[in-house]
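Chains Z, W, P, A, L and D supply the protein sequences, listed in that same order. For the first sequence, the residue numbers in our numbering are 1 to 337. For the second sequence, the residue numbers in our numbering are 1 to 337. For the third sequence, the residue numbers in our numbering are 1 to 337. For the fourth sequence, the residue numbers in our numbering are 1 to 337. For the fifth sequence, the residue numbers in our numbering are 1 to 337. For the sixth sequence, the residue numbers in our numbering are 1 to 337.
No lab work stands behind these hints: they were computed from the structure.
Covered stretches of chain L, going by a simulated chain Z footprint (3 or more residues, C-beta under 8 Å):
1. 65-79
2. 303-315
So the derived list for chain A, only partly shown, Cβ under 10 Å to chain W, looks like this:
3. Glu26
4. Phe27
5. Arg28
6. Val29
7. Arg30
8. Val36
9. Asp217
10. Lys220
11. Leu221
Computed from a predicted structure; not experimentally measured. Cβ coordinates follow ideal geometry from the N, Cα and C atoms, glycine included.
For reference, the chains in residue letters:
There are 6 protein chains.
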Amino acid sequence: MEKKQMVNNLSLNTRINDIFMLKHIEFRVRRDKRTVDMFFKIADKTGEIEAINWDVSNDKVEKFGKIKFAQVQGHITKKKSDGTLQVTVSSLSETAPLDLDYSDYLPQSKENLDELMQKIFSKIDSIENYHLKNLLKSFFNDSEFTEKFKRAPAAMKVHQPYIGGLAEHTVNVVTICETVSNIYKEMNRDFLITMAILHDIGKIREYAYDKAMEHTDEGKLLGHITIGIEMIGQKIKSLDSFPKDLELMVKHTLLSHHGHFEFGSPRLPSILAAIALHYADEMDAKVSGFINIKEGNKNFKEKWSKWIWWLERSIYLDEEAILKNKVNEAEGKLELE
Amino acid sequence: MEKKQMVNNLSLNTRINDIFMLKHIEFRVRRDKRTVDMFFKIADKTGEIEAINWDVSNDKVEKFGKIKFAQVQGHITKKKSDGTLQVTVSSLSETAPLDLDYSDYLPQSKENLDELMQKIFSKIDSIENYHLKNLLKSFFNDSEFTEKFKRAPAAMKVHQPYIGGLAEHTVNVVTICETVSNIYKEMNRDFLITMAILHDIGKIREYAYDKAMEHTDEGKLLGHITIGIEMIGQKIKSLDSFPKDLELMVKHTLLSHHGHFEFGSPRLPSILAAIALHYADEMDAKVSGFINIKEGNKNFKEKWSKWIWWLERSIYLDEEAILKNKVNEAEGKLELE
Amino acid sequence: MEKKQMVNNLSLNTRINDIFMLKHIEFRVRRDKRTVDMFFKIADKTGEIEAINWDVSNDKVEKFGKIKFAQVQGHITKKKSDGTLQVTVSSLSETAPLDLDYSDYLPQSKENLDELMQKIFSKIDSIENYHLKNLLKSFFNDSEFTEKFKRAPAAMKVHQPYIGGLAEHTVNVVTICETVSNIYKEMNRDFLITMAILHDIGKIREYAYDKAMEHTDEGKLLGHITIGIEMIGQKIKSLDSFPKDLELMVKHTLLSHHGHFEFGSPRLPSILAAIALHYADEMDAKVSGFINIKEGNKNFKEKWSKWIWWLERSIYLDEEAILKNKVNEAEGKLELE
Amino acid sequence: MEKKQMVNNLSLNTRINDIFMLKHIEFRVRRDKRTVDMFFKIADKTGEIEAINWDVSNDKVEKFGKIKFAQVQGHITKKKSDGTLQVTVSSLSETAPLDLDYSDYLPQSKENLDELMQKIFSKIDSIENYHLKNLLKSFFNDSEFTEKFKRAPAAMKVHQPYIGGLAEHTVNVVTICETVSNIYKEMNRDFLITMAILHDIGKIREYAYDKAMEHTDEGKLLGHITIGIEMIGQKIKSLDSFPKDLELMVKHTLLSHHGHFEFGSPRLPSILAAIALHYADEMDAKVSGFINIKEGNKNFKEKWSKWIWWLERSIYLDEEAILKNKVNEAEGKLELE
Amino acid sequence: MEKKQMVNNLSLNTRINDIFMLKHIEFRVRRDKRTVDMFFKIADKTGEIEAINWDVSNDKVEKFGKIKFAQVQGHITKKKSDGTLQVTVSSLSETAPLDLDYSDYLPQSKENLDELMQKIFSKIDSIENYHLKNLLKSFFNDSEFTEKFKRAPAAMKVHQPYIGGLAEHTVNVVTICETVSNIYKEMNRDFLITMAILHDIGKIREYAYDKAMEHTDEGKLLGHITIGIEMIGQKIKSLDSFPKDLELMVKHTLLSHHGHFEFGSPRLPSILAAIALHYADEMDAKVSGFINIKEGNKNFKEKWSKWIWWLERSIYLDEEAILKNKVNEAEGKLELE
Amino acid sequence: MEKKQMVNNLSLNTRINDIFMLKHIEFRVRRDKRTVDMFFKIADKTGEIEAINWDVSNDKVEKFGKIKFAQVQGHITKKKSDGTLQVTVSSLSETAPLDLDYSDYLPQSKENLDELMQKIFSKIDSIENYHLKNLLKSFFNDSEFTEKFKRAPAAMKVHQPYIGGLAEHTVNVVTICETVSNIYKEMNRDFLITMAILHDIGKIREYAYDKAMEHTDEGKLLGHITIGIEMIGQKIKSLDSFPKDLELMVKHTLLSHHGHFEFGSPRLPSILAAIALHYADEMDAKVSGFINIKEGNKNFKEKWSKWIWWLERSIYLDEEAILKNKVNEAEGKLELE
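Next up, chain Z with everything else stripped away, as it sits in the complex (with noise of 0.2 Å):
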């Protein structure tokens, strides 16, 4: 069943009639003491926004408290200054799980995943080195391993916090990797490109993104380095001969690619590699969780976002419009000298 009513494209005063996630729900009995009302959001991919569903009889109040999905009718009666909206409910009824297709309730890259794929296996058929070669067919031959790490996000929040997001970043450091062993000739290209594609892969198992994103216990108890240090190691033990000192070169680089102790990192880089390695993850993860908040605050009608707690800072959202207009500006001036 297609969804035709996203969250995000929802304005005050129209009528809601598609299926949506629902949460946080509670139910209130009021001064009469027998009316119910409840209390709850809708969500989908696009967000969310509140709504409240007015004199439940009694009997449905358990089963209502327990639905996920729902189709849900109604009618956007409340706009707030900062433009979230609030909607009246006028029927509820639970959807069955076989119905939907839950990519409407999953924010997803806009970028075309089975291309980024592409990138990644040309990038691993440009590597020399037989064993780091062989390391990474190892594990994108496998279509299991491959059709998770494509479908991945690559963070719950801060950068690429969507389905593709893993492939997205993944593609991103390589790309600058690519450049960095371009600059220096003393950088073993081969080694930096094999650890940008494999540095994150424990995220595969970190985070769950099927019906829903959220942190699996495995990534909570461990982080996706140690559960990336894992794979790698069962990997090679399945090989011919991986050397041990590559080894031991490959898994601190993925352990130290986070650069700080505390960052969660237990080595600090030591190797050339792992050194420009964390700097590629930190630019990507950083200047995408920048356009993340630009993205966000699109419609925000202000020169500085909201302050951002991750960032310690609020950030500037005019720049474009001064390098744009001052481009036209300067449109009918003479050929500089």
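Starting from the known structure of chain Z, fit chains W, P, A, L and D onto it as the hints suggest.
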């Protein structure tokens, strides 16, 4: 007069006869209360070693104590287990400043500095934004500025600490930023490349590098970030109609490029290009720093460098050996797949 | 038109009829899907309280949503246990900007601003060093600068956050520095007093304070330290023969007056007067901040203030009571010894 | 061949004649440009002292430079005020590796290692949980593992830095955990004791301790936490049906036992037993570290130890004297109460 | 009068009729400008829930605003999805202080406090050092002190925040210290146990816990460490010939037991027993804190607790389930080995 | 016996003949295995230099090793490039303690100590609050206390590290506080001045300064803050009716005067006067510290001091030259305006 003996080519039991810089001079009276010995170091752009001049006549003590450069004759008579040498000096005579090519005494980039500058010039030509191009030209069309920029070191110790280092560093940062602006369509290339070129211009006044490489008083009292802000401010004043809000963006991006308060940036990067510039700068500084350490440990027959205080770690030196050998080892093997 | 009702004088069950600033406006549709209510805040220089305008006709929603200042009629109908009030509004009409005395809406210093400026002028007269006096006069003989300086706040929140706050803060810092230069014969009084007067001049551009008090873009992107450096640099350029090394000292002292990297000083105080200026600035900022908190808790009937986030502590409010009462208590006692 | 002279028993003016490890070898040419002297250190498991071999013939320099162990004859000719000695060597001849009992050169625990292992075995027997006991047995029934575990040091410097140190440390941590599991009924004893036994097993590969005690490359590149995770993972793979969620708990507890990111734990303890294990580990590491310092200062006639860098403090040494004397002093006194 | 209804036993749709503490009282005038409603919380030692008293007559507002304890009649009319309830109150009448058993309103330890004290007394009896035993007896033979000690909480929030908590905490710390003094023969048992008993005595003045549990002014202004130092100093003054150097050791160990400056210890532990005491204290505080969190999440049907600010993490709650089930699961299996 | 030669007046090639303190004594046996040389340092209140006593007869080794003060005859035979000297000693004989004026060996304030004390006494007289004046008098009417206070140093190294330093520091802090209490009408002058006088009294027991300046055991184990609290507590006990809440304020202000946990204050300043006292203390400590550094670099012909570890920076030394010269330079100029 051409220098023939370089410190890093000297070895145990060879004769010394060339001009060297003199450092750390000290005189000692022997037990006979008459004989005075002179202990010091001889140095050039490749390094420094300990030297002793036995039995200096009393009337020469004051004169010898002030020598900066001298023709030194002697013999290498001691080698420690860590490879450091000691010279016994037989003759010492001051050298007239005019006879010297100071470049023998200042470390030099291995790159062709004219080619580096050419790369920067062609990047400037590629900028389309009228105002930014104008700003860049106002600096790089000024030959006094360009000459200083070309020879400046990038730092005193950690990365590219030699004549031409700033040009090397700038080209590397620009190259990384070019890749970054290709990856993210939201990134304004003109602005990012402009700031990559300008971010460290304050270093031409932070350091002195004519006869010796050292911090200037201005460098110590203000630092290259504040100096750079001032240089930019003055240039913009001299330009025709540089937009005020663009000026603020340029200055903010220069101010914040160290990325953290504790590294001397009084503002945190709050513009998309500013965060990218910070990591590009960090990437080249740290990767070049690692390469610098590996270079300095080239003759050190260990798998790990000595402890590096500014990194709080040792660096693994065995990397290339492992990556190279393993390729060969595997050469006889069958084609993969 | 004179303002008669100030927010901090309002109380439960009184009538409202005056001009207020409007903030945080929000409209809500009732369950009947027709009636729209308007929730907002009314504010002036003394504070702000919640307001509700019930049943707004649909054709006024857009217009009301944009009001900045309005003639408000209504009734205070709610008081919470923490003392905050709520107004039920009966009539609302926009006010023409020209009719307003904005000073009713901006908090003001309790000091006489002309007297504060007079104190600064006479300090300037007392400077003997030709160049420093010249520099000070170049600022304070400029009436545009002086007018802005006189009205600037010292901060947005923490200390002296009101019109005239910068002049107050400057006079306090100068007074402390005068004492300090008396104590230490090694301290150069002229230099310390000059820097005490100039240290925060950048705040006249960091903040806007004509119609509302807020950070300017320049303030957010550069900060008052960098702005101050630029103002000083330009003035010195316009002066006849200001010594270069004295300029470096002046700039270093301004740059470093926050005393720590994490407070936005890109250099640490390295000149005797710079370290003294830092602590004089810190002394007034913190003591005035404490007084500000005590003022804000004047009607709070507790011995301890609420938790103050920027101090990471509560402030003890009972101090004066203890010191005053005890004196009285002891009054009957015999002379000491 | 039995070692008779131990470094810590040597004193001023005695003769030396035994086998020692040689360290820090350095050769110096005298002023006559012919005579070469050899400066080095002689060491065994009890410590090291400076040594000089005067006038080494030129043809022996290369050979002597490579000696690891030698029969040394000489005389102790110098004692510094801090008690350190210097040997003048008269004869030096290399020792064949096979003639050596390396245990003379590696510091040893004072405990009976077999008894320590017995304590661990009996703890394993006491575990009731089938899977945990199984996991423990899979390690400790493997004699190669057990042999390595028994001899491993607990650290290189700070606490129990000697053969058998890991077994000592493990027994202490287990003992503390036993008490802790008695105190809190909510604590699962089996799980806590199991983790106390396993928490540091990675150290058998982090350190080499056959002929010398030092970090392995694996130890430096990965650290004992990551090594331990890998060892556990492989063992569990080999076990029959170890529950997946229990495996995550085991690994989380091992990962987090350092308790803080900056000490190399990539996760913070989030399971009740994990927080207890962290403090039990910390308790033994720090208390044993203090005892180690007191031991090292036994002959130092001061009330305070030298400054200990890793503790950022000096240790008070006079404690026992005060507590013992005072008991005696009071002995004559009447019964209390 | 016996309390029958406890907050943590209330559920949706039940009647309320008992005495509760009243908190956060607030009055609101309705739109009719006449009717006043009263919003507040009702609380006892087991928790607190929201309450509303509709339509309070004007003449009762002032009186109701000051009620501390009241007989409350009403009905639970609302349950949120996070399980919190709301009461609609029908009748409210103040309760005379004398009618109250305050212990119904203060949380209590589940341990038998007399037994805890007995454990401490018998530990004191076991001390052999005359002076230390004397010091302990001077406190614990004083029934006023002992009574306060027995009822004091160990903290306001984090660990053992209930009547009897200090005794519980002290017994736990003593038990851990007993084990520690058994492990290390270098540890002076008498001193360590004495300090374990005395380390937190200052808490009897840091907290008030007669009618409500809260910090005293002395607690906020000085803290329990400084209070404890003072209590010890005064007792020792009253004792016969307590040795001065032992007094310094006692005070240092109390001063430093928080182990770090940022936790309020003005000295770092520099005596062997002091470092042991610190970790014993930390062990019980953190383990008890974890147990406290698990207790608080008992009815929370999730595998992870909410975010705990003071630990900067969530706690895993599923532990016991995994450990218990797995034992059962494995029950059918064959004997191990 | 009067000391004639002070260490800081000695120069190369002069004869030594006076009493000095002996430090760091070490004996060395020469290659002949008979001759013993003695290496040590000679010191007085102005500094210390290296000394060698060649060929000490064996029977004198033990005796010489214990000398604290000796009549030393010799010759300055070595000067290093950093200006440090070395003495060759010809004769050495121990000095009887009674013959010594220890003040020659302890550095002294340049201020008149009686005048400093007079300033404090007159401040005490100016206090109007009965209880605070009473408390101050209870200390300063006690001549044993006053005598110790007058001679105590303010610190061991950083600021005013000499006899009389505490009195100097106290007078400076009082002077700053007097100004501060004039500026802010909200500040209670009596309380602030009282605390300025009392804040560091614990230093009279933290340091020993009769025959040498060093930390006492009490100083190391407790610190001057805890000692001060105890001294205040005991005095107040002895006073008639000192109010309890005023006592808490006095103690809190003393406890918190270091302003930060990491500097050993177990509480943060939470009283208005406490925050002022902290900055007044910090102001004098840091400004006096800077002056101390400048004094120590008086003969160092550089524009920048050596690196100062406790400040993490170098200090600019050229300040006065620039300020003085520039005045002269400008002297010929016309009157300003």
